[in-house]
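Once you've looked at the hints, go ahead and assemble the two chains, each given alone in its own frame, into the complex.
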Amino acid sequence: MITKEMKISDILNKYPETLEVFVRISPHFKKLENKLLRKALASRVNVEQAASIANVDLKQLLYELNKAIDPEFQMHSDEKDSVNEQNTNEYIPDWLINFPEEKIIELDVRQILQSGKDPFLDIMKKVKELKENEILLIINSFEPIPLYSVLAKKGFEHYTKKEGNIFKVFFSRSTNLQKISEDKLQKKEAKLEDYEKVIEIDVRDLTPPEPMIKVLETLSQVDEKTLLLVHHHREPLMLYPKLEERGNEAKSYKINENYFKVLITKKGNR
Amino acid sequence: MMNNQISIAGIYSPPFRIVAKYFVAAILAFIIFNFMLVLNYKNFNGHHFQPKILSINHILTLGFITMVIFGAMFQLVPVVLEVKLFSTLLAEIQFWIYTAGCVLLTYKFYFFTSKLSFELPAILIATGMTIFTVNIVASMIKVKKWNITGTYLSSALFWLLITALAGYLLSKNLDTPFIKINHLQYLKLHAITAFIGWVSMVVMGVSFKLIPMFTLSHGYKITLAKWAFILINIGLLGINWIMHYPDTKFWNLIFGLLIFTGFVLYIIQIFTIFQKRIRKKLDIGLKFSVFAFIMMSVSTLLNFSFLFFEYESIKNLTLTYGFIVLFGYISFLIVGQMYKIVPFLVWYHKYSSKVGLEKTPMLKDMFNEKLAEVQFYLMIAGLFILIPSLLIDLQFLVLIAFLFFAISSIAFGFNMVKIFRS
Chain Z
1 MITKEMKISD
11 ILNKYPETLE
21 VFVRISPHFK
31 KLENKLLRKA
41 LASRVNVEQA
51 ASIANVDLKQ
61 LLYELNKAID
71 PEFQMHSDEK
81 DSVNEQNTNE
91 YIPDWLINFP
101 EEKIIELDVR
111 QILQSGKDPF
121 LDIMKKVKEL
131 KENEILLIIN
141 SFEPIPLYSV
151 LAKKGFEHYT
161 KKEGNIFKVF
171 FSRSTNLQKI
181 SEDKLQKKEA
191 KLEDYEKVIE
201 IDVRDLTPPE
211 PMIKVLETLS
221 QVDEKTLLLV
231 HHHREPLMLY
241 PKLEERGNEA
251 KSYKINENYF
261 KVLITKKGNR
Chain F
1001 MMNNQISIAG
1011 IYSPPFRIVA
1021 KYFVAAILAF
1031 IIFNFMLVLN
1041 YKNFNGHHFQ
1051 PKILSINHIL
1061 TLGFITMVIF
1071 GAMFQLVPVV
1081 LEVKLFSTLL
1091 AEIQFWIYTA
1101 GCVLLTYKFY
1111 FFTSKLSFEL
1121 PAILIATGMT
1131 IFTVNIVASM
1141 IKVKKWNITG
1151 TYLSSALFWL
1161 LITALAGYLL
1171 SKNLDTPFIK
1181 INHLQYLKLH
1191 AITAFIGWVS
1201 MVVMGVSFKL
1211 IPMFTLSHGY
1221 KITLAKWAFI
1231 LINIGLLGIN
1241 WIMHYPDTKF
1251 WNLIFGLLIF
1261 TGFVLYIIQI
1271 FTIFQKRIRK
1281 KLDIGLKFSV
1291 FAFIMMSVST
1301 LLNFSFLFFE
1311 YESIKNLTLT
1321 YGFIVLFGYI
1331 SFLIVGQMYK
1341 IVPFLVWYHK
1351 YSSKVGLEKT
1361 PMLKDMFNEK
1371 LAEVQFYLMI
1381 AGLFILIPSL
1391 LIDLQFLVLI
1401 AFLFFAISSI
1411 AFGFNMVKIF
1421 RS
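The listed protein sequences derive, respectively, from chains Z and F. Mapping the first sequence onto my numbering, position 175 (from 1) lands on 175, and the numbers just tick up by one. With positions in the second sequence counted from 1, the corresponding number in my numbering is that position plus 1000.
By construction, these hints were calculated from the structure, which means they are not laboratory data. Heads up, a few of these hints could be off.
[To be verified] Mimicking BS3-like on lysine-lysine, the simulated pairs with C-alpha atoms at most 30 Å apart in a straight line are:
no.: 1; chain 1: Z; residue 1: Lys-261; chain 2: F; residue 2: Lys-1021
no.: 2; chain 1: F; residue 1: Lys-1354; chain 2: Z; residue 2: Lys-261
no.: 3; chain 1: F; residue 1: Lys-1221; chain 2: Z; residue 2: Lys-261
[Claimed, not checked] Coverage of chain F stretches by chain Z, computed from C-beta distances (three or more under 8 Å per stretch; other residues unrestricted):
no.: 4; region: 1216-1226
no.: 5; region: 1346-1356
Positions of the beta carbon are idealized from the N, C-alpha and C atoms, including for glycine.
Bound conformation, chain F alone (with noise of 0.2 Å):
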């Protein structure tokens, strides 16, 4: 018991533009991501290992999922930690090295053959979240209440660090070949080390903020999230050590146990978190969530069932659990959780200031619900249609999923352009 007569807070939140910028960054990205599966649904089949995939899935990975993340962390780590940004300038420098990175990035990979080299949009790319790290950290130091979000967002931070030497050095690789091992095991520890060690432990941290707050939830033990957070650690630097050998059978075995047991520890802590909520109703928001975490759910037990078979051998597997890592787990979340962080940006920081002096509109009157609704349900029609015809390679059904999404985005732009210009 360690109640505190707590003094007045000063103002921790970044300016709004700062945010807006990597949101509607992030925003035009997911379009332009949905268009581009559209126009090059053909490529999808096959190996995974194809420049064209290789730039959509960096459209998606560094300009949607990776900018979202940049710009929610702004806002959120001063008031999750309550400390004030360190720079506001760094987050505007930062917006415009990373930015071109990834412009330049996805172009090269798009025309492979082209004259640009490989390393300047990795090194770019590497700046901008070097940048991004040293910010948060500097804000970090300052924090006097420590909690389980800190931890997790200070691991996040290290394993964006090494996803970023990863993927210049496979940059580097790709202009003149250096790396001893093959390159696709160097490239398989780039993507575990981003999607667990980047974008997972930063969805983890900060759901156990956010999750609670949205559904109003209460009164539940999170010792399991603190074994998580050990499990899925010793495991990332488990695996980012042995993928260095040729021979990595026996110890991906232990350490993939390790992650995927610390995967099912956090799903069972979200789960009583849900349990333990006040708000009964789930709105379009945490509709999107609660699918997102399903579909988590469904990606940990593939992964599960990776360890003891080659799946790389059965033809489009691997295209299709990253669709549903991609777009069902991390797409759904991001989507979700836009719902319900951009209208309340939006509204704090055009109308907080006229509540109780002159009308102000409500979040749900700031977006078409309906239209959200048709959304969650096109994406769950496309990937559930994207699913099965990617398994059994039927071109024709891939491309209606692609228009299912490719719709769908075009709802969730519409919806966020009416946010930001209520």
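Chain Z extracted, bound-state conformation (with noise of 0.2 Å):
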């Protein structure tokens, strides 16, 4: 079992799979993939300053760690007596506990799913919606993984629980979060809500240049008032100047290595 007292380096000599487990949780600890900088750093920090530097919860880091290595391992409850005594062997964080009910939005992605479209547009907008008080609750008949990151990002924490076939997923802001990277973010992003249609293709079986035709094809249906949402399998790099050219803009997230979401819009829309 890891301990807040051992040593990162230890840590990662022993057990490397949880390096992944490292990287995801904060991007701080993305320099522990470099193996030198991890044996200049990792050495002398361990889990408690690590946590502390990267601003991470430490129960949370804990947690996960001991679970990476080892499925079955359950957090010891003798610091949480406010957990329900049903859930023990889960771990909910801190900032679920006794939160107001009503202060949570759900979103169920199920019937947008089963109609054939992305949720990922619906999420993105009530993402936007949500006050800093509240809790996003996403219901899905899968666990959302590549959601994690795009809103970590984005600022957010996650907790899934499962309940028979449903997964559901609570996003809050993290408090830790400096507010001024987020106002950034929040001043680049187009204002989803602004757009009342939404034209999504899906380019990812086509070889080049068909996905930069199609795009391109599709855009004389893209006005101020249209969103188009591109499901390619790589970033289109050489697709940009041209969208340059015609007076769009594009923007990628990376949901993995062959997938990417390209949003494109009219340039100059606030």
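Below you can see the structure in the form of structure tokens.
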């Protein structure tokens, strides 16, 4: 079992699989991927110190690390008297405990999926609308793993609860996030709720330059009130200048190595 | 999981005319090469160290293969590594210095007794290659997201410089002998470094990007690619070291085995990428490429066997091997990839701004695919006629094979002109 006194380097040597956990939990830990930096930094720092450096919850970090090396791992309930008895085998983050239910905004994406659409935009829209003191609850039929990191970039922590066949994922704004960077993010982002129409195309099974042709051909339908969502198998670097030429702009979200969501809009939209 | 919100990338690609210039020169060199084969078919027997063979060989390796790689890297490095090319002007200057060097060197080899020195063309070529390396390294310094292709290309640049240096020393040695070890042994170092260090490192590195892109393949691991890189480069360093000593036997075997294992790992890696492809149908460009990978496997096996017997004592075996590597593996691969890349570049340059606004051609309509198929089968037929007839020294059949090659190169030239003019 991993404890808060253990040195990061010892943990990584003994359980290399925990590297992924570190990186996932905080971008601060990305440095650990570099072997030289790992040697330089990690040999003097224990888990507790690392958690405070990276501004992550120590308990959650310990839980995730232990879970990674032992799927059967259970959190000791000695410090957590308030935790519901029947849920002792589940760790519940502090921010969710005793959280007023009316402040939880619910979004059930199962129907959206059933209608054959991608719920990504609806989720992002809800995220935008979410107030400081609210929590977003996504209900889905599978665990939306890619969403975790997309929202983590926006400063959200998540907690996932499995109930039978459905997954309930709670997202809360991390309180530690520096407000400045958040403001920056928001300024850059076009406001999703301004768009009345969304056109969705999937070019993942096309070879170059067909993805580009399809996007450019669809572009004539994109006006000030339309958002074009492209499912792409890589980042379309060569497309960007062409969009620029036509007064459009694009933003790509990396979902995984072979899946990018590209949002295209008219330039200069507020 | 490092899912990012990625900022909009700038315009990375270099100007079309630079890449086009290198490609046009390369296509010309390829056609010239094929016709020189026909004109000099009688020279293709006996030892490979003959002026005419050396001249024709360099038309292919410098004029076609390396020229194409230069052009392709100006285009690919910015896209694959997401940086801007350091200098277009350097690429332009390099072209003229390098091309002058190529013309003079092949001329001097061909007319061996002419007054021209070997050193001058060698200096020009080495200068061109150095400018290229500086240009690419200066671009690479700014790379933020490194990948396996970048690693392969970096080592390729290193080996390019070693090849150029060895080539320069060899040329000086032809003017006034000074190399203490056997000239032919040093030539071997030059050739091994060129084919494995420069050409194969580029081919392998680029293939990890292009093959998945054209076949829509993903979900494979690249562990083997990493090991192949390590083994081949250790092997090459070793070979470059031992070739400076008179007795190479034992270490040649060790380092040769390392390189062999590296190639085997690479071939398995490419096979797994092909297996995971979504696009099952192979178009003409990929047909050429698949045949090239088969020939690469054949040459790897031949190379393995060469570690255990005196292959140079078997008449024409080295020549045959040279054709399998240079023509069967490298030329097939380049021709195939050009059928994919050139139409795309021309299309992107001329039509991408017009898509959706007016009618634009499909890539497939930009060249005659039937003719490309004919070229493919002519090249294969030529190669399969050539191999046995070289080995049993039937000059008449060698000529037939070369004629097949020459006709196929015309078809290639025709298609390429059609693409550039469409």
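Hint-by-hint comparison with the structure:
About 36 Å separates the Cα atoms of Z:Lys-261 and F:Lys-1021, which puts this hinted pair outside 30 Å; it is violated. Simply put, F:Lys-1354 and Z:Lys-261 have alpha-carbon atoms about 24 Å apart, close enough for the 30 Å limit, and the pair holds. Of the pairs offered as hints, the one joining F:Lys-1221 and Z:Lys-261 holds, with about 23 Å between alpha carbons and a cut-off of 30 Å not exceeded. Only when three residues or more bring their CB closer than 8 Å to a CB of chain Z does the claim for the region 1216-1226 of chain F stand; here the count is 3, and the claim holds.
Residues of the region 1346-1356 of chain F lying with their CB closer than 8 Å to a CB of chain Z number 6, which satisfies the three-residue condition for coverage.
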